[in-house]
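Chemist: Below are the chains, spelled out letter by letter.
2 protein chains.
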Amino acid sequence: MFGTMLDTPLLISRILENAAERHGSSTITGFVDQVESRTTRFDVVAARAGATAHALSQLGVGIGDVVGVLSESRTEYLEALFAIPSMGAVVLPLNFHRSPDATASFLESNTVSVLMVDPENLPSVEEIAPRVESLRHVVVLDSVLPPGAERLPVEVHALESLLDGLSATYPWPALDENSAAAIAYTSGTTGAPKGVSYTHRSVWLHSMQLCMAESAALTSGDTVLTTVPIHHVMSWGLPFAALMSGTDVIIARPRPGQAMHLGADIAELLATHRPNKFMTTTATLQRLIVRLEEHPQSVSHLAEVAVGGSAVPEALFDAFVERHGVTIIQAYGLTETSPIAAFARPDPHSSATHRRAQTLGQGRFPAGVQARLMDGDRLQPNDGWSVGELQLRGPWVTAQYLDDHSPERFVDGWLRTGDMATISPRGYLDVVDREDDIIASGGELISSVELEHSVIRDAQVVDAAVIGVPDDRWGHRPLVLVHLKPGAQVTARTLWENLEGRVETWKRPDHWAFVTDIPRTSVGKIDKLEIRARHAAGRYEITTISPGSQH
Amino acid sequence: MFGTMLDTPLLISRILENAAERHGSSTITGFVDQVESRTTRFDVVAARAGATAHALSQLGVGIGDVVGVLSESRTEYLEALFAIPSMGAVVLPLNFHRSPDATASFLESNTVSVLMVDPENLPSVEEIAPRVESLRHVVVLDSVLPPGAERLPVEVHALESLLDGLSATYPWPALDENSAAAIAYTSGTTGAPKGVSYTHRSVWLHSMQLCMAESAALTSGDTVLTTVPIHHVMSWGLPFAALMSGTDVIIARPRPGQAMHLGADIAELLATHRPNKFMTTTATLQRLIVRLEEHPQSVSHLAEVAVGGSAVPEALFDAFVERHGVTIIQAYGLTETSPIAAFARPDPHSSATHRRAQTLGQGRFPAGVQARLMDGDRLQPNDGWSVGELQLRGPWVTAQYLDDHSPERFVDGWLRTGDMATISPRGYLDVVDREDDIIASGGELISSVELEHSVIRDAQVVDAAVIGVPDDRWGHRPLVLVHLKPGAQVTARTLWENLEGRVETWKRPDHWAFVTDIPRTSVGKIDKLEIRARHAAGRYEITTISPGSQH
Numbered sequence: 170m171f172g173t174m175l176d177t178p179l180l181i182s183r184i185l186e187n188a189a190e191r192h193g194s195s196t197i198t199g200f201v202d203q204v205e206s207r208t209t210r211f212d213v214v215a216a217r218a219g220a221t222a223h224a225l226s227q228l229g230v231g232i233g234d235v236v237g238v239l240s241e242s243r244t245e246y247l248e249a250l251f252a253i254p255s256m257g258a259v260v261l262p263l264n265f266h267r268s269p270d271a272t273a274s275f276l277e278s279n280t281v282s283v284l285m286v287d288p289e290n291l292p293s294v295e296e297i298a299p300r301v302e303s304l305r306h307v308v309v310l311d312s313v314l315p316p317g318a319e320r321l322p323v324e325v326h327a328l329e330s331l332l333d334g335l336s337a338t339y340p341w342p343a344l345d346e347n348s349a350a351a352i353a354y355t356s357g358t359t360g361a362p363k364g365v366s367y368t369h370r371s372v373w374l375h376s377m378q379l380c381m382a383e384s385a386a387l388t389s390g391d392t393v394l395t396t397v398p399i400h401h402v403m404s405w406g407l408p409f410a411a412l413m414s415g416t417d418v419i420i421a422r423p424r425p426g427q428a429m430h431l432g433a434d435i436a437e438l439l440a441t442h443r444p445n446k447f448m449t450t451t452a453t454l455q456r457l458i459v460r461l462e463e464h465p466q467s468v469s470h471l472a473e474v475a476v477g478g479s480a481v482p483e484a485l486f487d488a489f490v491e492r493h494g495v496t497i498i499q500a501y502g503l504t505e506t507s508p509i510a511a512f513a514r515p516d517p518h519s520s521a522t523h524r525r526a527q528t529l530g531q532g533r534f535p536a537g538v539q540a541r542l543m544d545g546d547r548l549q550p551n552d553g554w555s556v557g558e559l560q561l562r563g564p565w566v567t568a569q570y571l572d573d574h575s576p577e578r579f580v581d582g583w584l585r586t587g588d589m590a591t592i593s594p595r596g597y598l599d600v601v602d603r604e605d606d607i608i609a610s611g612g613e614l615i616s617s618v619e620l621e622h623s624v625i626r627d628a629q630v631v632d633a634a635v636i637g638v639p640d641d642r643w644g645h646r647p648l649v650l651v652h653l654k655p656g657a658q659v660t661a662r663t664l665w666e667n668l669e670g671r672v673e674t675w676k677r678p679d680h681w682a683f684v685t686d687i688p689r690t691s692v693g694k695i696d697k698l699e700i701r702a703r704h705a706a707g708r709y710e711i712t713t714i715s716p717g718s719q720h
Numbered sequence: 170m171f172g173t174m175l176d177t178p179l180l181i182s183r184i185l186e187n188a189a190e191r192h193g194s195s196t197i198t199g200f201v202d203q204v205e206s207r208t209t210r211f212d213v214v215a216a217r218a219g220a221t222a223h224a225l226s227q228l229g230v231g232i233g234d235v236v237g238v239l240s241e242s243r244t245e246y247l248e249a250l251f252a253i254p255s256m257g258a259v260v261l262p263l264n265f266h267r268s269p270d271a272t273a274s275f276l277e278s279n280t281v282s283v284l285m286v287d288p289e290n291l292p293s294v295e296e297i298a299p300r301v302e303s304l305r306h307v308v309v310l311d312s313v314l315p316p317g318a319e320r321l322p323v324e325v326h327a328l329e330s331l332l333d334g335l336s337a338t339y340p341w342p343a344l345d346e347n348s349a350a351a352i353a354y355t356s357g358t359t360g361a362p363k364g365v366s367y368t369h370r371s372v373w374l375h376s377m378q379l380c381m382a383e384s385a386a387l388t389s390g391d392t393v394l395t396t397v398p399i400h401h402v403m404s405w406g407l408p409f410a411a412l413m414s415g416t417d418v419i420i421a422r423p424r425p426g427q428a429m430h431l432g433a434d435i436a437e438l439l440a441t442h443r444p445n446k447f448m449t450t451t452a453t454l455q456r457l458i459v460r461l462e463e464h465p466q467s468v469s470h471l472a473e474v475a476v477g478g479s480a481v482p483e484a485l486f487d488a489f490v491e492r493h494g495v496t497i498i499q500a501y502g503l504t505e506t507s508p509i510a511a512f513a514r515p516d517p518h519s520s521a522t523h524r525r526a527q528t529l530g531q532g533r534f535p536a537g538v539q540a541r542l543m544d545g546d547r548l549q550p551n552d553g554w555s556v557g558e559l560q561l562r563g564p565w566v567t568a569q570y571l572d573d574h575s576p577e578r579f580v581d582g583w584l585r586t587g588d589m590a591t592i593s594p595r596g597y598l599d600v601v602d603r604e605d606d607i608i609a610s611g612g613e614l615i616s617s618v619e620l621e622h623s624v625i626r627d628a629q630v631v632d633a634a635v636i637g638v639p640d641d642r643w644g645h646r647p648l649v650l651v652h653l654k655p656g657a658q659v660t661a662r663t664l665w666e667n668l669e670g671r672v673e674t675w676k677r678p679d680h681w682a683f684v685t686d687i688p689r690t691s692v693g694k695i696d697k698l699e700i701r702a703r704h705a706a707g708r709y710e711i712t713t714i715s716p717g718s719q720h
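Protein chains in written order, with my numbering: chain A, 170 to 720; chain B, 170 to 720.
None of these hints come from the bench; they were simulated from the model. All values reported here derive from a predicted model rather than from experimental measurement. Among the clues, some could well be false.
[Said to hold, decoys possible] A few chain B residues that don't get close to chain A, going by computed Cβ distances all over 12 Å:
{"#": "1", "residue": "Gly172"}
{"#": "2", "residue": "Ser312"}
{"#": "3", "residue": "Ala350"}
{"#": "4", "residue": "Glu383"}
{"#": "5", "residue": "Asp487"}
{"#": "6", "residue": "Pro535"}
{"#": "7", "residue": "Met543"}
{"#": "8", "residue": "Gly545"}
{"#": "9", "residue": "Ile607"}
{"#": "10", "residue": "Val631"}
{"#": "11", "residue": "Thr663"}
{"#": "12", "residue": "Val672"}
{"#": "13", "residue": "Lys676"}
{"#": "14", "residue": "Ala682"}
[Unchecked claim] Where chain B lies over chain A, by a calculated footprint (3+ residues, C-beta under 8 Å):
{"#": "15", "segment": "241–253"}
{"#": "16", "segment": "344–356"}
{"#": "17", "segment": "522–536"}
{"#": "18", "segment": "546–557"}
{"#": "19", "segment": "561–568"}
{"#": "20", "segment": "623–633"}
[To be verified] Not everything, but these chain A residues come out facing chain B in the computed CB check (under 8 Å):
{"#": "21", "residue": "Val365"}
{"#": "22", "residue": "Ser366"}
{"#": "23", "residue": "Ser371"}
{"#": "24", "residue": "Met377"}
{"#": "25", "residue": "Met381"}
{"#": "26", "residue": "Ala386"}
{"#": "27", "residue": "Ser414"}
{"#": "28", "residue": "Asp487"}
{"#": "29", "residue": "Glu491"}
{"#": "30", "residue": "Arg492"}
{"#": "31", "residue": "Val495"}
{"#": "32", "residue": "Leu571"}
Glycine residues also receive a C-beta, built at the ideal position from the N, C-alpha and C atoms.
So here's chain A without its partners, still in its complex pose (with noise of 0.2 Å):
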């Protein structure tokens, strides 16, 4: 027996047209380069939405066409991000610190016909294009065409000729819900990249979560400023949500060649745009917390900051508390799951003691999302200290990747996510480290992350990377890379001897490399791939420390 309920679709031109309709004058702000920004309101962008439709139309996208953007944070790429699937095509973000290789690759196995590309980046699209058996066209968003772009062996447009006299009115097609909206590849720290599709249903019940008050509750008082670009799961899906609560948004843009924002720079946004909220991962708001303590400046502006990547070491979140008063909210995602899975607000139910531990772990799981730990075939309690893998489910949490690839990833409808981790009685995650970084010593798991987190407590330490390294006794013992404050004079004894009282002696790392750089990806989480490979190369100068030795 079905209900009398319509059943309305839920699509991405809905949200763009209740933007339109409701918060016209909402707006979110872009970058045309790292200093100058550009302010369009919600109803412009979709009306401009509206025109980029109609423009790709005439360019020959059709319904289930993949159209792929390389471009930083221009407002042309939210329109695009909303015309794309609005008009029934998939939109594929592309990230510009890919290899050119990589970025083809992506092209090529969606048939990508069409890219849109900021005038800056036309260079790498020389390297890119002709490797793209599918491309015909390329639109450059801006109004005129940039020197050099008569090399590329394809099409070339700029955006404004394009769009000059299209309606901005476009006859939005009544899609089904699970049709494609969105690709995005896995950063690929733990191997090759991997696709997951995300759906308009998907995107819809995803925003609607991040609306909610439990999650980063977005309302259309608010202003958030986001460091995370588009190309990382659609900035964590912040347009959308946006877009359906008439919250103003700005998305950052780092230096030219830089992957990060520099502290100084998000300090400059900060004091510009005095946002009330901001979203960005745990390696920026390090640069930041440096650079707030070399150059003060007030934040009270800000309500709270969302924070994600990884984990916010518990020096960084007190830091920012106590020093600061701003409150700090951890969320926890994977491309995977469109992204955020969980958010870390503490329950009020709960003693002092325990809401601390649930705001310095990865927060909560909504009704939307299922979770659970598996110890292989075993499933874990949620007691708080069991420790399993992370399995997930949900209406936005992936049932596969594009092509079937690496389907010893999915168990029984479940995704493995490769977090070991614990929940909590009441829901909270904390996730002990990843599956392949935990460190197995003499029949006991050492997390990396907690040793790392440890280790940045030092007052002389700026930041700091575990990996575990063969060891004949144990099978593993931790190797630990440290970066000291400019003009620390400490050696690896006494940072050893300071973790008394935070580390147990049998966990404390054995072997110390004092480093001046720590290999990040470009979602600033630690490449401990690669600081494996430099390892293996002999390029780190060690200590090893036995505990009643001298050294």
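Using the hints provided, position chain B relative to the given structure of chain A.
Modeler: Frame of chain A, contents of chain B only:
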């Protein structure tokens, strides 16, 4: 091209599991009678819902079967509200203020074989049961059977005896999310009751909406008191949203035989439970303010009050905000819209004047609700002053009535609400009047609601109701019923003159009647059908004012 996201259905059983797993210690408080409350934890609700499903299954209830519930706010009712749809059956909450004939016809037309009932409502079942051929079992929500149970012509069971020894876990079926979950009948202010059936999908999306920060913003830190009974669209969907977000809920129960709560009773509930949110109707709020004026009491624990059912008069709104510092947020909805379709949080982008108008209207529509104004076949602009019939569509708006009743209430896939309204450019709704209540006078339209609110602003008036009555010259002219404060001495002429500056002369009521009772429906709306009937029967003593005269 379909996306790779899981097509996990949105099912009520998932909300229940989420509540048990993650919000186990949040609570629901129901009432055994008007005074004695019972508080149950969400994990207990979930466990007892599992056992209830087993018990119903043993009585022959299967997928698609409709189960009736005739109860007030007992916690057992909440358990059934989750158990019945989770097991694939359909819950039919019944209103004990309806006639036995109406209740019997709802049961009969849905082939109900099992009816769950409060022990104190069993006598009314004696009247109903013999008229319902399909009825086989009556389950009394108690541990023993009350006297008289043996007189019923069907099997009568005590719920607790049925649950005894049953498993708390039930294998909730993997249903289609468009399956019916619950049935409700309109309150029939404008004709015969019409039924709709909510789906698992519509309940889910409506619940997510209620948790959104722009809507009721429910969180696990909230305690919400509601006076809206479960048989009124399941307390406006509050229990589902509460179990989604971990919100504590108290569902009040009026004194026996009363459809509405007394001001004193509400004041006591507020003092006892100190909720931070309160959901109620305009009529109940009116009773509360009178009580608070006579018996002052701090309500500073209230962060906000969500009010629906009918428009909140400006005088009442200001009294709460100014005298008690409590924010009033109006909500708009219908049985046909699950019910919340709009929520009146002001838009911070607007001027103070506009924000005031936004909060005095019925609210802004969320992305999930499409709205349009129609004047016959002509679409009216959303300019804030063009009036048209409000028509709605969206995933929690009904597409039809059960048995395809009243197909004229639907046009081109839109629900005709029967409300004459304006919509502002920012999507804020202002309901001018019911289509049937607006007074067409000499080619102009007079809003009966506007007149009522203006007359109520008079310090000597408690309540007022306006209907249109035939007039030889103008077609129709307003008749106002006025309920004066105890001891007030004022003439119709004075009240008429006091409208100066608030209502144009030509709009003011010509006909005045002083009464001590204004009939209201069970949802607290003015019962204009009843007023018209009483007027037709000559039961009002009317003073007629002509502007120039000196009555």
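Chemist: Does each hint fit the structure? Answer for all of them.
Modeler: Hint check results:
1. Gly172: violated, 3 Å
2. Ser312: holds, 29 Å
3. Ala350: violated, 7 Å
4. Glu383: Given that some Cβ of chain A is not farther than 12 Å from that of Glu383/B, nearest at about 5 Å, it is violated.
5. Asp487: holds, 23 Å
6. Pro535: Label violated. Min Cβ-Cβ 8 Å, cutoff 12 Å.
7. Met543: Consistent with the label, Met543/B stays out of reach of chain A, its closest Cβ about 16 Å off (over 12 Å).
8. Gly545: holds, 22 Å
9. Ile607: Correct as stated: the minimum Cβ-Cβ distance to chain A is 25 Å, above 12 Å.
10. Val631: Holds, since 37 Å exceeds 12 Å.
11. Thr663: holds, 43 Å
12. Val672: holds, 31 Å
13. Lys676: holds, 30 Å
14. Ala682: holds, 41 Å
15. 241–253: violated (count 0)
16. 344–356: holds (count 5)
17. 522–536: holds (count 4)
18. 546–557: Contact hint for the segment 546–557 of chain A vs chain B: violated, 1 residues under 8 Å.
19. 561–568: Answer holds; 7 residues pass the 8 Å Cβ test.
20. 623–633: It is violated: at least three residues are needed, and the segment 623–633 of chain A offers just 0 whose Cβ sits closer than 8 Å to chain B.
21. Val365: holds, 5 Å
22. Ser366: holds, 4 Å
23. Ser371: holds, 4 Å
24. Met377: It holds, given that the least Cβ distance between Met377/A and chain B is near 5 Å, below 8 Å.
25. Met381: holds, 4 Å
26. Ala386: At 4 Å from the nearest chain B Cβ, Ala386/A passes the 8 Å test, so the hint holds.
27. Ser414: Holds, about 5 Å.
28. Asp487: Constraint on Asp487/A not satisfied, violated at 23 Å.
29. Glu491: violated, 23 Å
30. Arg492: The hint is violated - Arg492/A has no Cβ within 8 Å of chain B, the shortest such distance being about 26 Å.
31. Val495: It is violated, given that the least Cβ distance between Val495/A and chain B is near 19 Å, above 8 Å.
32. Leu571: holds, 6 Å
Checked against the numbered hints given earlier, this structure breaks hints 1, 3, 4, 6, 15, 18, 20, 28, 29, 30, 31; the rest are met.
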